[in-house]
Amino acid sequence: MGRDVNEKLTGDFYTNHFAPGLSEEGDTLILNIGPQHPATHGVLRVIVELDGEYIRKSEPVLGYIHRMHEKMGEVKTYAQYLPNMGRVDYLHALAWNWAYVGAVEKLMGITVPPRAEYIRVITCELNRISSHLLWWGAYLLDLGGFTPILYGFADRERILDILQIVTGSRLTYCYFRFGGVAADVTDEFIALTRQFCRDFTRRLPMYRDLVTGNMILRGRCEEIGVLAPEMARRYGATGPVLRGSGVAYDVRRFEPYSVYDRLAFDIPTGQTGDAMDRYEVRMAEMAQSVRIIEQALEALPEGHILSPDLPERVIPPKGEVYFAVEGARGKIGVYLLSDGTARPYRLKLRSPSFSNLSLFAELAQGTLLADAVSIMGSLDLVIPEIDR
Amino acid sequence: MIAQLTAWLTHPLGHMIAALAAIMAFLGVNGLVLVYMERKVAGFIQRRPGPYEVGPQGLLQPVADAGKLISKQLTTPDGADTLMFWAAPVLSMAPVVICFLPIPFSPLLTGMDVNLGLLLILAFSGLNSLALCLAGWGSNNKYSLLGAARAVAQAVAYEIPLLLAVLAVAFQTGSLNLSVIVQEQSGGLLSWNVFTHPLAFFIFFVASVAETNRSPFDLPEAESELTAGFHTEYSGMGFGIFFLAEYSYMVIVCAVATALFLGGWDGPVLPGIWWFLAKVFGLIFVMMWFRWTFPRVRFDQLLNICWKWLIPLGLLNLVVTALMLKLVR
Amino acid sequence: MRSLIKALKGLWSLAVGLRITAVELVKPQITVHYPREEVKNLVSYRGHIELVPLDADLQTPRCIMCWRCVDNCPSRCITLRMHVKGEEAGRAADPGLRLAPDIQVPYSQHRTPPPDVIERVLDVYRLNYSLCSLCGLCVQNCPVDAIRFTGNAYLVGTTRQTFDIDLLARLRQRAVPKAAARGTARAA
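Residue numbers (this note's numbering), protein chains in the order written: chain A, 14 to 401; chain B, 247 to 575; chain C, 54 to 241.
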């Protein structure tokens with residue numbers, strides 16, 4: 014039925030890559046999930062070959078939101094590129110901010126004053142919580158529970174209000190600068206953050222009762238999309254996807270940057286690597302982020318928010334640098350190659366969702382369509398980050 | 247004049263025609279009320295007001311929705327089987343009216359006092375799965391086909407626990423006449439069947455949530471997986487009729503549940519009709535409460551619940567009821 | 054037997070979930086009914102930029118035409134035209150979008166340290182707000198604090214021209230006698 018219609022197109026992804034590998038029995042249905050679809054978290058197209066309800070073969074097709082961020086990195090100056098980083102992964106924009114300014118600071122040898130470091134930690138962890146809250150709500154929306162997203166958003170609104178005070182933005186932050194941050198935190202910010210940490214710690218048990226313990230949700234997530242650690246390593250998966258399979262790799266612990274080596278936090282891991290483990294890892298990470306924020310608020314020193322001995326112009330010396338941070342989705346990396354001019358020669362963005370998505374084709378093999386939706390949600394993909 | 251009208255109303259045929267007219271009016275108003283109730287309940291559970299702008303507190307929102315649906319163009323998809331495509335919504339809505347006839351709204355307000363009332367309702371509500379089948383196939387759309395296949399399997403599977411739960415009550419009362427069943431429960435609160443058949447009530451309610459394609463069993467309409475399931479290709483009033491039929495079936499199953507288990511029109515002080523409606527809308531509120539709390543059950547798990555849990559429990563309930571009746575009598 | 058216990062535990066978890074939504078049902082609403090109510094935290098909203106006037110002369114901006122805002126803007130939103138006193142007005146000094154990688158110096162050749170007396174005259178200062186990403190690099194890099202955010206959260210329009218803001222005209226319009234300015238400031 015469907016194959017005849019699609020064969021009329023020539024030179025497209027389907028005809029060139031997907032069709033040759035189709036099974037010979039011919040009793041299967043070819044379906045496009047996306048690019049316009051409520052469950053693909055962005056413009057992602059997944060071509061699936063369905064045998065009844067089971068997925069015989071699937072393939073994600075990318076590029077629908079390719080915005081040429083890496084090309085822009087070659088034509089803009091270092092400072093002009095700062096707003097771009099907020100738009101790559103808008104849900105954890107501050108982590109991308111950090112990766113970029115960290116790379117430039119490493120290349121130029123700029124030291125960030127301690128107050129700025131702690132402010133960076135506090136704001137980035139708040140952003141991480143808001144990203145996980147949105148993931149949680151959207152995942153449940155995919156699975157048919159329409160209410161938790163609104164509860165999650167109620168908490169998320171508080172975080173966005175807090176971050177608006179210092180950054181002026183609610184989503185696509187452009188707050189970090191080379192050598193510090195753009196604005197100082199106010200007493201109102203500190204008071205609201207403390208209040209939020211207290212209230213959020215009390216909200217988490219409600220989320221557990223409403224959703225995590227729910228029999229129906231457990232039926233949708235347990236034993237779905239079991240990811241073996243070797244397979245995760247093969248594909249380069251990082252973040253909660255990797256930690257759900259039992260590998261306790263977190264960039265903040267193994268390649269510590271900023272003041273994370275002075276802060277105490279656990280790295281939650283799962284045992285079996287199914288969707289439920291990845292879910293639990295993210296919920297536990299939210300609690301750990303609250304812990305980090307509280308410690309950072311206690312330890313916040315006085316001082317400058319921008320390094321006082323910054324060079325007049327941002328012209329890094331010739332050389333290359335790679336700087337990685339732990340984002341909500343995994344390891345965010347920025348590779349910077351400078352040729353001594355005002356514009357980078359090459360700026361490569363390593364996005365965790367790209368590696369996580371590449372798991373999908375193998376994970377979804379032989380599963381039901383409903384399970385494939387659950388697997389995709391549990392990978393926590395942000396498509397603009399994949400396509401950059 | 248009045249005498250002539252009364253004579254005509256007490257005549258069985260005149261009574262039925264008047265009942266049909268009243269039912270169709272009720273269905274129309276019911277659709278509006280339930281749409282509003284659904285959105286308001288959803289809103290309040292989600293800490294927001296729901297419809298608010300159209301009319302005071304959004305009371306005219308359903309009228310605006312109805313106006314929008316009526317004003318849309320009725321499109322038939324390319325390559326669709328026109329007869330099947332347009333027969334489906336009609337077939338979905340038509341049996342609803344008949345299903346309302348045996349329901350005892352109050353001792354006087356019963357459309358048709360027929361001895362096989364329950365059988366009539368179960369038989370005609372089964373036609374809904376045929377309508378879904380026609381909709382899915384006639385749409386010439388993969389998504390619709392998948393949705394319809396799921397819906398039919400779900401509807402057919404859950405007929406059985408429904409029947410088993412109903413049978414238990416019928417065994418006890420000895421009649422399939424809904425008015426008789428309600429009259430048997432008119433001895434105060436504790437004579438309601440929900441206290442003698444709690445398991446049957448639970449099975450009946452779960453099966454009725456599945457029969458009406460409500461969450462957590464709403465896979466046929468799973469928006470996040472299949473766009474809109476069997477009614478993807480319907481626009482305007484085509485979709486409106488499916489929508490109206492779904493809400494009407496909700497009222498039917500809740501009304502049957504009230505009549506069978508919650509004592510029907512039994513209640514102090516107020517006339518029976520108000521108690522009946524209160525109980526029916528209470529059960530509908532519980533259905534809406536389920537929808538906005540629980541995620542969706544996966545399809546094979548859904549069928550598992552039916553075949554592995556509800557049917558054995560229903561059979562067990564039946565056997566125990568039969569034993570108890572034998573022992574008592 | 055174990056599956057029966059698991060089923061009962063599962064049913065209990067569903068009941069717990071129902072209790073939570075029932076509790077949330079009776080709690081007050083947390084949404085803000087715009088436009089009947091307004092959000093209360095617009096103090097930190099940036100809005101588009103505007104020119105800051107000199108304290109002594111409200112018709113003249115503090116701008117010294119160092120071109121830092123123009124050069125640092127990631128989207129080339131700002132159009133600046135100036136002339137040195139004694140020359141013709143509006144000399145096209147904006148070099149346009151420079152993509153040539155051989156330009157070593159990031160700042161424009163027009164840059165000089167802030168002088169005591171400004172010998173340049175600002176002719177045109179426009180903001181193309183459609184391209185602006187509210188990054189704040191212009192405000193931060195101005196050496197004389199000649200740009201600030203307006204906090205205007207309610208800018209709406211039906212044409213593209215509404216968002217092509219002539220900031221110099223805006224400054225001059227607001228410098229009209231204080232009483233009238235207060236009246237029009239809210240509307241503008």
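Just so you know, the hints here were simulated from the structure itself, not pulled from any lab data.
It cannot be assumed that every hint is accurate.
As the list claims (entries may be wrong) - Pulled from the structure, derived: some chain B residues nowhere near chain A, Cβ distances all over 10 Å:
#1 Val275
#2 Met283
#3 Ala416
#4 Gln547
Claimed, not checked - Pairs of lysine to any residue, SDA-like flavour, derived with a Cα cap of 25 Å:
#5 A:Lys89 / C:Tyr182
#6 C:Lys93 / A:Arg183
#7 A:Lys89 / C:Ser66
#8 C:Lys80 / B:Gln307
#9 B:Lys554 / C:Ser66
#10 A:Lys89 / A:Val334
#11 B:Lys554 / B:Gly482
#12 B:Lys554 / B:Leu337
#13 C:Lys59 / A:Thr225
#14 C:Lys62 / A:Ala374
#15 B:Lys286 / C:Ser128
#16 C:Lys93 / A:Arg216
#17 B:Lys286 / B:Phe272
#18 B:Lys554 / B:Thr328
#19 A:Lys89 / C:Arg179
#20 B:Lys572 / B:Met339
#21 B:Lys388 / A:Ala374
#22 C:Lys80 / A:Ala151
#23 A:Lys119 / A:His79
#24 A:Lys89 / C:Ser128
#25 C:Lys59 / B:Leu278
#26 C:Lys62 / A:Arg216
#27 B:Lys388 / B:Ala416
#28 C:Lys59 / B:Gln307
#29 C:Lys59 / B:Phe451
#30 B:Lys318 / B:Ile344
#31 C:Lys62 / B:Val532
#32 C:Lys59 / B:Ala416
#33 C:Lys80 / B:Leu559
#34 C:Lys93 / A:Ala374
#35 C:Lys62 / B:Ile557
#36 C:Lys138 / C:Thr215
#37 C:Lys93 / A:Asp200
Stated by the list, open to error - Just a sample of chain A residues kept apart from chain C, beta carbon distances all over 10 Å, derived:
#38 Leu95
#39 Asn97
#40 Asp174
By construction, the Cβ of each residue, glycine as well, lies at the ideal position given by its N, Cα and C atoms.
Subject >> Violated hints, by number in ascending order, as checked against the structure >> reply: Hints 4, 7, 11, 12, 14, 15, 18, 20, 23, 25, 27, 28, 30, 32, 33, 34, 36, 38, 39 and 40 contradicted; others consistent.
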